[in-house]
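Protein chains: 2
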Amino acid sequence: MRTSQYLLSTLKETPADAEVISHQLMLRAGMIRKVAAGLYNWLPSGLRVLRKVEQVVREEMNRAGAVEVLMPVVQPADLWEESGRWEDYGPELCRLKDRHERPFVLGPTHEEVITALVRNEVASYKQLPLNLYQIQTKFRDEIRPRFGVMRGREFTMKDAYSFHLSQECLEQTYQTMFDAYCRIFERLGLDYRPVIADTGSIGGSASHEFHVLADSGEDDIAFSDGSDYAANVEMAEAVSTTERPEASEALTEFDTPNAKTIADLAEQFGIKAENSIKTLIVKAAEDSEYELVALLVRGDHELNEIKAEKLTAVATPLQFASDEEIKAAVGALPGSLGPVKLPLPVFADRAVAAMADFVAGANVDGKHYKGINWGRDLAEPEVADLRNVQAGDPSPCGQGQLDIKRGIEVGHIFQLGDKYSQAMNAGVLGETGKHQIMTMGCYGIGVSRIVAAAIEQNHDDRGIIWPDALAPFQVVIIPMNMHKSHRVKEVADKLYADLQAAGIDVLFDDRKERPGVMFNDMELVGIPHTIIIGERGLDKQVVEYKNRRDGEKHEVAIDGAVAHIQSALS
Amino acid sequence: MRTSQYLLSTLKETPADAEVISHQLMLRAGMIRKVAAGLYNWLPSGLRVLRKVEQVVREEMNRAGAVEVLMPVVQPADLWEESGRWEDYGPELCRLKDRHERPFVLGPTHEEVITALVRNEVASYKQLPLNLYQIQTKFRDEIRPRFGVMRGREFTMKDAYSFHLSQECLEQTYQTMFDAYCRIFERLGLDYRPVIADTGSIGGSASHEFHVLADSGEDDIAFSDGSDYAANVEMAEAVSTTERPEASEALTEFDTPNAKTIADLAEQFGIKAENSIKTLIVKAAEDSEYELVALLVRGDHELNEIKAEKLTAVATPLQFASDEEIKAAVGALPGSLGPVKLPLPVFADRAVAAMADFVAGANVDGKHYKGINWGRDLAEPEVADLRNVQAGDPSPCGQGQLDIKRGIEVGHIFQLGDKYSQAMNAGVLGETGKHQIMTMGCYGIGVSRIVAAAIEQNHDDRGIIWPDALAPFQVVIIPMNMHKSHRVKEVADKLYADLQAAGIDVLFDDRKERPGVMFNDMELVGIPHTIIIGERGLDKQVVEYKNRRDGEKHEVAIDGAVAHIQSALS
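If you're matching them up, the sequences are chains A and B in order. Its first residue numbered 1, the first sequence is counted upward by one per residue in the UniProt record's numbering. Its first residue numbered 1, the second sequence is counted upward by one per residue in the UniProt record's numbering.
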């Protein structure tokens, strides 16, 4: 491609409304342009990267035995009524009517359409397992689209759906997809981690997210420094390895008129956060004899709401009690609550159960107890894993300590079970001749999000630094003053033709611009390899090679330039 | 690909609601499945063909210097308000609201989005010309979707838009696109014709449609048998080459109480259709002193409404007068109308102007004249080209005669002018430093429609016969009783691996099915080349090759099978 025929569209200034670096660089490097909130044009440089991601995803899905199909963006509402999601899905689901006033949706995902398709096309167990995928446009009406294509409304996704008759068969395909995802992210040159994920309201038995590690990520991920263990912080088990010490202090009430928080206690009374506890009051499950339930976590720990929600005694979704409800039930307000003489069921986090001589509210406004000890001052608690893990915690795998990093979720695989196949009666004739409902897996990759995530991980203050596999062009030729030097033009034209003939993606910057403008543009766009052609070098029959990532520069014989690029790419 | 891991989904029966052969065969061959009216799933075999079309289109667009982008399906209404199409576009435009009640459309085409993009990104004449294209999902809410993907609601289109500062520059790119389209349809192996098309209400100076010739086509196309000339019948000029004969009969009124049509006159009075004329009364243009205008065509000719609409004296769009209006203005009803003593402006088709001694209504109910002659019985008429051409007419290019065939429109290129750039103020700084509005071209290809059109042109009573360039698989291996013969399985496995290694798209029918079922399925799916492996052949170290198109069969040495397929494909 010649720059003169291309739409380079680089920007000097960083657009004011772009918060994260990938959004800024995608705008500045001429990869995307906003059409409306969460809707983008992909300019040529952006689309070239998007297509490279698509192609790697497609190749690895095919290699893993998945078969490509294409389902429509616009889906009839009746399928969504069958699955129950017409009712359940919130305003992220864009609903519309056609000219005959029939209801449709813009697909945010395709479980309904694929389940209906397989229900109609697959009659016998002999045709299973079957794994179908598509790479296609999705629409989710995000309430606050942001970060460019990282959280857009219209985006490209690879979604695969597998169909099985047994959990064992599902697990095999799940593992095949897990491996394929690892190959995809490796081939794309990304620093990623598969992490154990919450299966959420869909249920199902297993789920992994694939995260690209980057400080701007929206998710916290816990890693072991001694094994492969990684989990979304939501999911990582907090293991307590300390034994409870012996009681050594007496239970003592003291006045705390101005201490409502753990920080207040520390500041006013010198009490360490790890010696105090937080008492959080939530609604009880509907069938409970109590209205409210108390959850205890150590003063320096955070409640993990997903873990709390898994207690059968608490309401789902988790709801915190109001001050009025707490005052009515306990007689005191938040800030002075504690487990001693608390007229509610109490669940203590593992770390709380291992405490002795600790501090908590006295359930009288303005008063706390210190020297509280389990078994002596109050009954032994029900114990559960209720908190978020922290850096330095022992890894639940038993090896090493946890570290916490931020990640961008770019893939999610899921043992879906029979949620959709049951609701939509999708079954086949089993080996014994009986109709059997299929069990399903689903496997997503955020194709357009990968482009942004890759930039979060690969940039410097001059612009993007593409991994070779993702670069819009692998090489750029920058001729110096070509429009004045016939010699430079001749060598540049020939090298351009030779690189193309070698099957290399090459951009030829043939604009009438100063060399500085070209260098800045190409570093911003992030092309990994540069060949600079100037009069001075030609006297010695050489051109200059420059590597975008490490800045390394050296001279290369004109005749060896193609081979040099080939070896740099391999 | 192994059939056992694939979703073949062939059907024995022809689905009742599929009217045209391509729709029937796409369903039967497992290429598409209906999700709702005009919305389809592309199954694996269909998608493979669709992607091959896309790839040829992409390669030729790139070769022609167009640059690929990707615009969103969902477009904000404000851009459509700017262009005026928010008002002008009918119910085919699907309008929707997002969660914040902001109006959007599903893009039926992308002139607005691309014009806004180029307006923002291109500042100087130095960046022109620029030709941007995308291959993308479009939605048009057809009132009656039919013929499968031939006239669906959601479909894949290649749309390109070029931007220029002069008509000359536009014409150059237009010619480049014309040539690229010819290469695309040639590479796809289709019998196609570029035809001169109507520029319609958009105006502009030139337009060509590209038609795939097929009896099921919705358009009539006129071809010269002596040159390259081809035009949509709407557009083909009707040339009259006959001189008007001398008058030889007297003007005579005669009673025709039961003759209201040309056919009635022929049947009751033996008057040949080519000696009579039809008098059609339409509304006059708004600024005319008349309310109505008469249009005359020969009895055996058809009025061409698009040509009639181009007369400045008639209303746009063309409106036929009601019986009441005609009776009030003329004193007679349709069936007895004619140009003699007609109190309206009269426009005669060229062929009518060349008639002598002809028959027409007398503008008195139940009476006609015969022996009418121009200049003697009534003034010489205003002459215009008003009729559709017919087979046998002389070609307007001056060489040969016209033939008429039916075609399926698969491409349309257009010199658009400044309709959008003017309305949306899309300009650049010109060479003299002045802001100049750009002029535009647009170039569409119906990617998904091509798949159906190719089938209309390439099938027999056993199924589809794909051209090599479009086939979902180039070759299929059919092993006979592989599940019983180890030898057959061994040769089949090896040949499958060897063909894949040679980069050939091969399907391996490894199902436990009878050979007849496999043959029927593969002929239905239309795979061009078949290798049959059986015990009997293996005794002689041969396999059987069969060609889908000509049915030719012969033996090939096992070792020569890959080379044989390679030479068949080249």
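Hints were generated in silico from the structure; no laboratory data involved. Worth double-checking, as some hints may not be accurate.
Remember, identical chains collapse to one label, so a pair may be satisfied in a single copy or spanning two.
Pairs of lysine-lysine, DSSO-like flavour, derived with a Cα cap of 30 Å [said to hold, decoys possible]: (1) Lys97 x Lys34; (2) Lys12 x Lys310; (3) Lys512 x Lys434; (4) Lys419 x Lys546; (5) Lys126 x Lys489; (6) Lys12 x Lys341; (7) Lys484 x Lys327; (8) Lys489 x Lys97; (9) Lys540 x Lys553; (10) Lys405 x Lys341; (11) Lys489 x Lys310.
Next item on the list: Check Lys489 against Lys310 for me: Cα-Cα at most 30 Å, and say if that holds within a copy, between copies, both or neither.
Entry: Neither way: Lys489 and Lys310 sit 69 Å apart in one copy and 53 Å across, limit 30 Å.
Item checked: Status of Lys434 relative to Lys512 across identical chains (alpha carbons, at most 30 Å) -> between (74 Å within a copy, 21 Å between copies)
Margin query: Within a copy, between copies, both or neither: which one fits Lys97 and Lys34 at a CA-CA cutoff of 30 Å?
Written below: The answer is both: 26 Å in one copy and 18 Å across copies each meet 30 Å.
Note to self: As a check of your reading, is Lys126 near Lys489 (CA-CA no more than 30 Å) within one copy, between copies, both or neither?
What the structure shows: between (63 Å within a copy, 20 Å between copies)
Next item on the list: Could you place Lys405 and Lys341 in one of the four classes (within, between, both, neither) given a Cα distance threshold of 30 Å?
Entry: neither (40 Å within a copy, 94 Å between copies)
Note to self: Cα distance capped at 30 Å. Does Lys484 pair with Lys327 within a copy, between copies, both, or neither?
What the structure shows: Cα proximity of Lys484 and Lys327: none, with 84 Å in one copy and 79 Å across.
Next item on the list: Up to 30 Å between alpha-carbons, please classify Lys12 paired with Lys341: within, between, both or neither.
Entry: So Lys12 and Lys341 fail the 30 Å test inside a copy (66 Å) and across (76 Å) alike.
Next item on the list: Give the relationship of Lys419 and Lys546 under a CA distance limit of 30 Å: within one copy only, between copies only, both, or neither.
Entry: The answer is neither: 54 Å in one copy and 47 Å across copies each exceed 30 Å.
Check: Is the C-alpha distance from Lys489 to Lys97 at most 30 Å within one copy, between copies, in both cases, or in neither?
Finding: neither (58 Å within a copy, 53 Å between copies)
Check: From the Cα coordinates, with 30 Å as the cut-off, is the pair Lys540 and Lys553 best called within, between, both, or neither?
Finding: within (16 Å within a copy, 63 Å between copies)
Next item on the list: Could you place Lys12 and Lys310 in one of the four classes (within, between, both, neither) given a Cα distance threshold of 30 Å?
Entry: Result: close neither inside a copy nor across copies, 51 Å intra and 51 Å inter.
When each numbered hint is compared with the structure, violations occur for hints 2, 4, 6, 7, 8, 10 and 11.
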